[in-house]
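Enquirer: Per numbering that gives the first Met the number 0, the sequence shown starts with residue 0, numbered consecutively.
Possibly wrong hints are sitting among the right ones.
DSBU-like, lysine-lysine: derived pairs with alpha carbons at most 30 Å apart [said to hold, decoys possible]: (1) Lys247 to Lys121; (2) Lys49 to Lys209; (3) Lys304 to Lys169; (4) Lys169 to Lys192; (5) Lys240 to Lys215.
Source of the hints: derived by calculation from the structure; they are not laboratory data. Since the model is a prediction, treat every value here as computed from it, not as a measurement.
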Amino acid sequence: MYFTLAETIYFTRKNFKIFSEKKHFKFNEFESKKYKFSNLSRKKKIEKEKRRRYQIYSTLDYLLSRITFYDFFSPDAFKIAIYSKYYAHILNKKNVSTDLLFLAFFNSNSELISILENFGIKQKQLDRMIWNYYDKSLEKPSKNYFFTINRILRNFWSSLFFINKKLNSKLKFSQEINKIFEKAAINALNRFKTPIITSEILFITLMEEKKTKAAKLIRYFLPNQTQWLLLRYQLIKRIHKRELLIRKLTKKNQRYFAYLLLTQLTELELSHTLFTETFAETVSIFRNTLIMESLQINIMKKIRKDAICESLIFQPSEKLKSFLSNSLINNNFEII
Numbered sequence: 000m001y002f003t004l005a006e007t008i009y010f011t012r013k014n015f016k017i018f019s020e021k022k023h024f025k026f027n028e029f030e031s032k033k034y035k036f037s038n039l040s041r042k043k044k045i046e047k048e049k050r051r052r053y054q055i056y057s058t059l060d061y062l063l064s065r066i067t068f069y070d071f072f073s074p075d076a077f078k079i080a081i082y083s084k085y086y087a088h089i090l091n092k093k094n095v096s097t098d099l100l101f102l103a104f105f106n107s108n109s110e111l112i113s114i115l116e117n118f119g120i121k122q123k124q125l126d127r128m129i130w131n132y133y134d135k136s137l138e139k140p141s142k143n144y145f146f147t148i149n150r151i152l153r154n155f156w157s158s159l160f161f162i163n164k165k166l167n168s169k170l171k172f173s174q175e176i177n178k179i180f181e182k183a184a185i186n187a188l189n190r191f192k193t194p195i196i197t198s199e200i201l202f203i204t205l206m207e208e209k210k211t212k213a214a215k216l217i218r219y220f221l222p223n224q225t226q227w228l229l230l231r232y233q234l235i236k237r238i239h240k241r242e243l244l245i246r247k248l249t250k251k252n253q254r255y256f257a258y259l260l261l262t263q264l265t266e267l268e269l270s271h272t273l274f275t276e277t278f279a280e281t282v283s284i285f286r287n288t289l290i291m292e293s294l295q296i297n298i299m300k301k302i303r304k305d306a307i308c309e310s311l312i313f314q315p316s317e318k319l320k321s322f323l324s325n326s327l328i329n330n331n332f333e334i335i
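Kindly generate the complete structure, drawing on both the sequences and the hints.
Expert: Laid out in structure tokens, this is it:
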């Protein structure tokens, strides 16, 4: 069978077209398979990263749920709370009162002391006032010890030696101070939009509780209402300025770790990192360290251990056990 030139060209073109289509189909098929494999590996990576993140945040959330509001004190605020207990220990008091908490603010290594001194609140004068109040209950050796300890606590290296001394384990904060701590936590969250209780927030809360001994002492130093309001305004301004800088220098997804970092940094360290603009880098380093450490925690083992500890603390009596079992049977529940 012979074909004309036109027919030959037609069939050649047709075959070439079919061949090229087949080749193109095979190439596309290969590309689609490759794309599918890359997509699968990408999906696996995303899923793995999601699981890793979920594990980290679940671990951190669980650990944070086991702590009290004392753990959200800044190092300076926590130091103030500790020193107030030392003062109560020296004065042989059963509870820590608000006036001793007020005195402990002068042992924090922060700019708050200079602000208070600018408004005429001096440590020496406050020492004398508290001394005169507790004069009758103190013996002569304790009196001298009280003032020498005040001088010792101002020195950092001497205070390290003093901190190693054992406190009376029965010594507790008074009901007034517990309320102030709770209110400071509420003020931090609601008014200042931060979970960290700083020394400024604690002092503002102490100022605003007007019926306490500390508030009366502050009123003695600041008899003029304008001075009292100016001091509070200056402290609030400092808190808001610091909070704005933290939000400005950190991304939204890093603020979780930024606030955890604030529980570890003193006020001077924080102000140095904020004003030198190294805060974001510090947060990222802290985040990476925290993630590596949290990945090493066996969260299930930790939960099991905590559950055993809680069950040992709360052991129901035989009567309670029988009552619970009977109530379950009566309500057609299975006893596990």
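Enquirer: Now tell me if each hint is right for this structure.
Expert: Taking the hints in turn, this is what the structure says about them:
1. Taking the CA atoms of Lys247 and Lys121, the gap is about 35 Å. The hint is violated against a cut of 30 Å.
2. Distance restraint check for Lys49 and Lys209: the Cα-Cα separation of roughly 50 Å exceeds the 30 Å cut-off, and the hinted pair is therefore not satisfied.
3. For the suggested pair Lys304 and Lys169, the alpha carbons sit about 28 Å apart, so the restraint of at most 30 Å is met.
4. Taken as a hint, the Lys169 and Lys192 pair is broken in the structure, with Cα atoms around 35 Å apart against an allowance of 30 Å.
5. With a C-alpha separation of about 29 Å, the suggested pairing of Lys240 with Lys215 holds against the 30 Å cut-off.
Hint violations for this structure: numbers 1, 2, 4, all remaining hints satisfied.
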